[in-house]
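Trainee: Each chain is listed here by its residues.
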Amino acid sequence: MSMSSKKPLVATAVLAAAIGAFTVQACTSPPSQPAAPQGPVVTRTADGKPDFSGIWQALNEAHWDLEAHAARPAIVTQEGVYPYEYTRVPAAPVLALGAAGGVPGSVGVVEGDGKIPYKPEALKVKQENGANWIDRDPELKCYLPGIPRAMYMPYPFQIVQSTNKVHMAFEFTSTARTIHLDEVEGPPDFTYMGHSVGKWEGDTLVVDVTEFNGKNWFDRAGNYHSEALHLTERFTPIHKDAVQYEVTIEDPNVFTAPWKISMPLYRRLEKNAQLMEYRCIEFVEEFMYGGLRRQPLVKRWEGENMIVEITRKVPEGEKLYEWYRR
Amino acid sequence: MRNGFRRSVMDPLAIVVLAAVVVLGLARVGGLSLVGRAQAPVGEAEKAGPVPRTSWDKPDLTGIWTNSHDIPLQRPSKYKDKEFFTDEERQELDKIRGEIVSQDVRRYGRGNAQDVGGAYSTNIFLSHKPTGKRTSLITDPPDGRIPPFTPEATERRETVRNFVLELLQATDTCKEKLVGCAGGKYGPPSPKYHDVPPFYIATGAPGGGLINRSDHPEDRTLGERCMGAILPDFGGATGFYPQFILSKDALSIYYDTGQGQGWQRMIPITDRPHLPGHVRLWWGDSRAKWEGDTLVVDVTNFSPKTDYQGARENLHLVERYTMKDANTIEVVVRIEDPTTWTKPWTVTQELSRQPDKANRHYKEPRCHEGNYGMPALLAGARAEERAHARGKGPHPATLCSAGCGGFAGGFADDGEESNPFNR
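Protein chains in written order, with my numbering: chain A, 1 to 326; chain V, 1 to 423.
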């Protein structure tokens with residue numbers, strides 16, 4: 001494919017369109033046979049393995065909500081004029097974002113009926129997570145994103161493939177994971193990013209991920225897991241610039257059965273693509289500590305159409321809040 | 001297998017304890033770490049094999065590395081004309097340093113801010129390694145010292161220092177004429193106490209700004225904000241384990257450093273030019289190319305928020321990575337900033353391979369996740385202000401929470417218990 005360096009986005013769009021047929025197939029039919037019919041052209045390393053080195057990014061709505069869903073006006077909403085779930089309006093903290101604060105609809109990336117098989121009590125927690133998204137989502141605090149979430153967040157990541165290590169560096173908060181193809185000891189503690197051990201099955205890199213600490217979510221909809229999370233990831237080349245990413249998710253504390261997500265990851269084709277910094281620890285200081293400044297910087301927003309006072313009633317049992325205010 | 005000690009150190013509660021020390025501003029490096037994780041370096045004693053090569057015939061830098069010895073950045077004045085310590089001198093230095101940092105309980109007076117510095121058990125939470133052969137990491141200029149500051153940099157540092165002293169002048173650090181107040185004098189709370197700092201507060205190093213105030217998170221050092229990791233990084237008492245992974249088009253370095261402040265660096269191996277000049281990054285913009293078997297990395301586009309030895313956005317690094325044998329990388333870094341130093345200077349450091357199977361490398365920079373210290377510090381400052389307003393507490397400017405002195409990094413500020421590397 002020829003590319004104009006002046007129009008990298010167009011080039012990406014063209015590629016996306018070219019692979020689009022496959023994307024649709026992956027989302028709408030069981031994607032358990034991800035190899036393209038004629039066999040994909042695969043870039044290979046000197047030892048004959050698929051070479052995943054490069055900058056990649058998911059291009060879907062999974063970071064909003066893994067499950068199939070219709071678009072909604074905001075990630076946090078409040079009751080509107082009508083008392084129905086489908087007539088809610090954006091809540092104050094995100095109101096100023098207008099249409100940029102909405103959640104795009106998605107056919108979802110969960111295989112089967114598009115729903116995650118929660119245990120009844122876990123489903124309740126998931127729903128509470130969604131309702132308390134601003135307080136609870138670790139992404140908002142710039143915590144380590146965890147796996148698989150880091151793989152489909154709306155930021156690029158770079159794979160550096162060595163003989164015995166497949167290293168993935170994420171732009172979001174400059175974090176990383178190393179997939180060990182050689183024998184190594186596990187981590188000394190449960191982790192946010194998991195412990196990844198990989199092996200090749202033909203052209204598919206199969207990765208077993210364990211040792212999670214249970215503090216991460218899957219998306220911004222409150223889908224979550226416990227420390228018993230066990231992932232089996234499969235990276236299969238489907239095109240020289242696309243890889244099918246499939247994950248089997250097991251967590252007997254939260255789910256009634258293993259379930260699967262599947263999506264393509266696309267190579268960033270801009271000639272000058274590089275991983276930039278997204279050092280959000282700095283960006284979230286106002287969010288996390290702004291209320292403890294000697295003089296608050298942000299409490300009221302006056303826009304063209306509306307004034308928003310950021311006041312809220314703090315839910316009972318917010319232990320840090322209570323501790324700081326005592 | 002999980003190790004009980006390690007788990008307890010990484011527990012958020014342990015972090016609270018450590019954060020409390022950071023809060024008081026006595027641990028200038030900030031952040032949290034584990035020691036005892038380092039394996040004995042494979043290098044030195046054993047005979048190392050030849051340099052391993054990748055399938056595309058480059059030296060394979062892949063591995064976990066560390067500096068196996070402590071070497072002063074600048075040559076101590078006592079060793080003025082000596083490039084290397086004798087074995088006896090190294091033993092003597094190890095003895096002195098060991099005696100100082102292994103003391104578990106030390107008091108620096110009683111009931112004052114400095115006292116709290118000694119409450120930090122440096123033999124558990126900091127790593128001190130045997131003294132290396134070189135008398136300084138700096139190999140150029142030949143005197144092993146950072147070249148003189150430019151007049152511009154001198155003025156900048158004095159401006160920062162004066163602001164630091166304004167905020168310190170009403171504390172016992174100045175009243176008792178401690179090192180932290182050098183150049184200043186004791187007096188009433190400054191009318192400038194709530195002024196905007198003259199430069200962005202970065203590291204706690206001289207010139208970086210370490211101010212005795214907690215009006216905002218931005219008043220505290222980058223280390224306390226869990227953003228203490230900077231380039232270049234030559235290691236220190238808070239741990240240093242860079243993991244290199246090399247592919248054809250990139251060198252990835254994950255710096256497990258700064259006690260829970262580790263970070264991912266990506267170095268493209270490319271002919272592409274640097275980013276446009278107006279794009280500024282905390283860790284700069286790296287571009288690498290091979291010169292024979294040496295990987296040469298050019299780093300520019302630094303942010304004005306970062307600070308290395310007084311250099312900020314005009315810092316320019318040229319790093320040269322050369323494998324000497326299977327277990328040794330020589331890193332030579334040319335450090336340049338014509339707005340800060342009168343000439344460039346060079347650091348040479350050897351890194352030793354750590355056993356890969358033991359996987360003593362942790363990509364879990366949890367300083368931020370565990371930074372209860374920051375909100376507690378801000379909340380504490382607000383509580384002091386409220387108490388003072390009610391006539392029930394001292395003026396907040398008379399209390400010391402940063403730059404007060406004590407046993408930062410395990411050594412006293414001056415005298416018998418100071419770091420012999422700095423004397």
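Hint data in this document are derived by calculation from the structure and do not stem from the laboratory.
Don't take each hint at face value.
[To be verified] Here are the simulated distance ranges between beta carbons: (1) V:His395 - A:Val298: 54 to 60 Å; (2) A:Thr311 - V:Arg110: 42 to 48 Å; (3) V:Pro148 - A:Thr311: 50 to 56 Å; (4) V:Lys177 - A:Glu128: 53 to 59 Å; (5) V:Gly415 - A:Lys299: 46 to 52 Å; (6) V:Pro273 - A:Glu85: 49 to 55 Å; (7) V:Pro273 - A:Gly101: 34 to 40 Å; (8) V:Glu291 - A:Leu140: 56 to 62 Å; (9) A:Gly101 - V:Thr294: 48 to 54 Å.
Owing to the predicted nature of the structure, the values given are computational and were not obtained by experimental measurement.
Idealized CB from N, CA, C, for every residue including glycine.
Trainee: Give a verdict on every hint.
Mentor: Each hint, compared with the structure:
With their beta carbons about 28 Å apart, histidine 395 of chain V and valine 298 of chain A fall outside the hinted range of 54 to 60 Å. For the hinted restraint 42 to 48 Å between threonine 311 of chain A and arginine 110 of chain V, the CB-CB distance of approximately 45 Å keeps it satisfied. The given range of 50 to 56 Å is respected by proline 148 of chain V and threonine 311 of chain A, whose C-beta atoms sit roughly 55 Å from each other. Look at lysine 177 of chain V against glutamate 128 of chain A: about 57 Å separates their beta carbons, and that is inside 53 to 59 Å.
With their beta carbons about 49 Å apart, glycine 415 of chain V and lysine 299 of chain A fall inside the hinted range of 46 to 52 Å. At roughly 53 Å, the beta carbons of proline 273 of chain V and glutamate 85 of chain A sit within the given window of 49 to 55 Å. At roughly 37 Å, the beta-carbon separation of proline 273 of chain V and glycine 101 of chain A lies within the given 34 to 40 Å, and the hint holds. Between glutamate 291 of chain V and leucine 140 of chain A the beta carbons are some 45 Å apart, a value that contradicts the proposed interval 56 to 62 Å.
For glycine 101 of chain A paired with threonine 294 of chain V, a C-beta distance near 50 Å keeps the hint of 48 to 54 Å intact.
Checked against the numbered hints above, the structure violates hints 1, 8; every other hint is satisfied.
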